[in-house]
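Trainee: Residue numbers (the working numbering), protein chains in the order written: chain P, 14 to 133; chain X, 81 to 266.
Keep in mind the hints are simulated off the structure, nothing from the lab.
Misleading hints may appear alongside valid ones.
[Unchecked claim] A partial selection of chain P residues facing chain X, derived with a Cβ cut-off under 7 Å:
#1 L16
#2 V31
#3 A38
[To be verified] Quick partial rundown of chain X residues pointing at chain P, CB under 10 Å, derived from the structure:
#4 A113
#5 P186
#6 S187
#7 G191
#8 P192
#9 S194
#10 V197
#11 P226
#12 G236
#13 V241
#14 R245
C-beta atoms are modelled at their ideal positions from N, C-alpha and C, and glycine is treated no differently.
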Amino acid sequence: MLLRAGDVGVLLAGGGLVVGLSVFAWGGQHGDTAVIRAAGQVVKTTSLTHAQSFSVDGPLGTTHIEIEPGRARVSADPSARQLCVKQGWLTRSGQAALCLPNQVSLEIRGRTSAYDTLGY
Amino acid sequence: MTRSAIELPVSADDRRIARLAALAIGLTLAEAAIPSPVPGVKPGLANIVILLVLLQYGWRAAAWVSALRVLGGGLLLGSLFAPGFWLSTAGALASLAVLALARHLPSRYFGPVSLSVVAAFGHIGGQLALAGWWLLPSAAVITLLPVFAAAALIFGAVNGVIVARLLAGPASSGRQSASCIPPSTP
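Based on the provided sequences and hints, a complete structural model is requested.
Mentor: Right under this line is the structure:
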């Protein structure tokens, strides 16, 4: 007999563990607030309820941030590698786009923050 | 020519462990050639040998075979003392620790499949614990956790079924394993 009674239990428990881990690792909360920082100082905190756009000035030029219901992104940035622009839309609590050369960051926050603080 | 003053007596057990370890190392090498989308997700074929040894010759022999497999595999793959080697060691140790407990489960209800699955989870758990603590202390490991767990579940179950088949019918399991794993004396 290949499978015994307990084996089925172990397999089910393993399946449960996989599902639990998936929810734990991938089921991040949707954020409802966007925090925009320039040179470490918060310049704008706004909710992700309606479409709006911001322009933030940094040492290299102007970073454009676009907000839509439920999501936000850096739409344009003067940095050379465009890393924060390429990150695209941010939706989950705890996600952040950092435009380091221009010292601008966009962070999404939820009702409960995933992290107390993040140091980069 | 002077004869060596040190004589190491080799018992039948030693030879058997060496033979089984060679088999496990062979499977490790074969497995290293299989491409994998995520580093670390492997079938763990050598665990089939470890489980067979555990069930037929006990935990001590399984620990020996496992240690020799990690060491021999590291030597032959050129990863001895590299990060991958330590991950492998951590996985093997955790897996053996879990098996030391799980083998006392009543065998009426818990067969090789159970042992294989918990060993696979132990393996991946040990590796990820070391990776998370030492190599990637960040959220990256957590993001990949479900992938590794799912792989452990699937490959653990498949390997367990293979072990159960091999134990159920040594005659039908082929020459190789029949000669390497003779029927046990209880």
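Trainee: Can you verify the interface hint for A113 of chain X: is its Cβ closer than 10 Å to any Cβ in chain P?
Mentor: Because about 27 Å separates A113 of chain X from the closest Cβ in chain P, which is outside the 10 Å limit, the hint is violated.
Trainee: Any CB of chain P closer than 10 Å to the CB of S194 of chain X?
Mentor: This interface hint holds because 4 Å falls under the 10 Å limit.
Trainee: Is the interface hint for V31 of chain P satisfied, with its Cβ closer than 7 Å to some Cβ of chain X?
Mentor: holds, 5 Å
Trainee: Should the hint that G191 of chain X touches chain P count as held when the rule is a Cβ pair under 10 Å?
Mentor: Given a least distance of 4 Å, the restraint on G191 of chain X holds.
Trainee: Have a go at the G236 of chain X hint: is there a Cβ in chain P nearer than 10 Å to its own Cβ?
Mentor: holds, 7 Å
Trainee: Return the status of the interface hint for S187 of chain X: holds when the least beta-carbon distance to chain P is below 10 Å, violated otherwise.
Mentor: Check passed: Cβ of S187 of chain X comes within 8 Å of chain P, closer than 10 Å.
Trainee: Does the CB of L16 of chain P sit less than 7 Å away from some CB of chain X?
Mentor: holds, 6 Å
Trainee: Are A38 of chain P and chain X close enough, Cβ to Cβ, to be under 7 Å, as the hint says?
Mentor: Status holds, d = 5 Å.
Trainee: Verify the interface restraint on P226 of chain X: the C-beta must sit less than 10 Å from at least one C-beta of chain P.
Mentor: holds, 4 Å
Trainee: Are P186 of chain X and chain P close enough, Cβ to Cβ, to be under 10 Å, as the hint says?
Mentor: It holds, given that the least Cβ distance between P186 of chain X and chain P is near 8 Å, below 10 Å.
Trainee: Using the nearest Cβ pair, does R245 of chain X come within less than 10 Å of chain P?
Mentor: With a minimum Cβ separation of about 7 Å from chain P (threshold 10 Å), the hint on R245 of chain X holds.
Trainee: Is the hint on V197 of chain X kept, meaning its closest Cβ partner in chain P is under 10 Å away?
Mentor: At 5 Å from the nearest chain P Cβ, V197 of chain X passes the 10 Å test, so the hint holds.
The structure shown violates just one earlier hint, number 4.
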